[in-house]
Amino acid sequence: ATLGEEALRAPRRILVPRIVLPDGRLQDSAQAEPASAATALAALMPPAALPRVLAQRIEPWRGEVPGAAAWGLGACLVAGAETLRRLGPFDEGIFMFGEDLDLGLRARDADIGIEHRPDARVFHGRAHSTHRAYGGEPFELLAERRRDVVEKRRGRARRRADDVIQALTFANRIALKTLLRRGTERERAQLRGLRAARKR
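Read in order, the letters of the sequence shown correspond to residues 239 to 438 in my numbering.
Hints are computed from structural coordinates only; laboratory data are not their basis. You may find that some hints are simply not true.
To be verified - Taking lysine to aspartate or glutamate pairs in the EDC-like style, the calculated list, with each CA pair at most 16 Å apart, reads:
id, residue 1, residue 2
1, K415, E425
2, K390, E337
3, K390, D329
4, K437, D347
5, K437, D386
6, K390, E271
7, K390, E330
8, K390, D338
9, K390, D347
10, K437, E378
From just these sequences and the hints, can you work out the full model?
What follows is the structure, given as structure tokens:
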């Protein structure tokens with residue numbers, strides 16, 4: 239059965255396929271709840287270095303079997319029309335970036351499950367249109383929208399905790415990649431974007 243057919247048979251679910259980038263790497267299409275134990279652990283220890291079962295709980299997109307997630311990237315979400323109508327589906331006040339996180343958190347609050355489905359694959363040209371519009375990935379805008387959504391749906395305390403976890407994640411990845419003599423440009427840009435968003 240296709241994901242669409244499955245979504246129609248189980249209306250209280252949103253399905254998230256595995257997303258493959260042009261270079262063959264996997265995109266982090268299925269995510270954990272912001273400011274959760276899972277994201278805190280991922281900030282301290284790269285999930286790729288953990289046992290597969292634990293890594294999948296921390297970062298659902300790494301899973302080889304279907305598993306629960308808190309939200310899925312808006313690049314591809316599969317659900318029945320009635321499910322999406324119940325949810326809105328997207329908040330019109332959030333234009334690009336953050337609307338998928340908002341939808342996922344609202345779905346969880348409405349007891350609608352988010353399920354990562356690695357058996358279905360979608361190929362995605364990452365940030366294809368936004369690269370042209372913003373001259374690259376707009377990390378400050380991404381951080382700003384995430385902060386807005388987390389505070390709106392989970393409260394100010396959770397947003398502050400998520401800020402700390404995000405900053406720690408980027409800083410630790412920079413340190414680890416530096417030790418491995420790998421490029422850190424993206425993580426440094428993410429950290430700068432978060433710091434700028436926090437000053438607003």
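Hints numbered earlier in the text: which of these fail when held up against the supplied structure? Of the numbered hints, just 4 does not hold.
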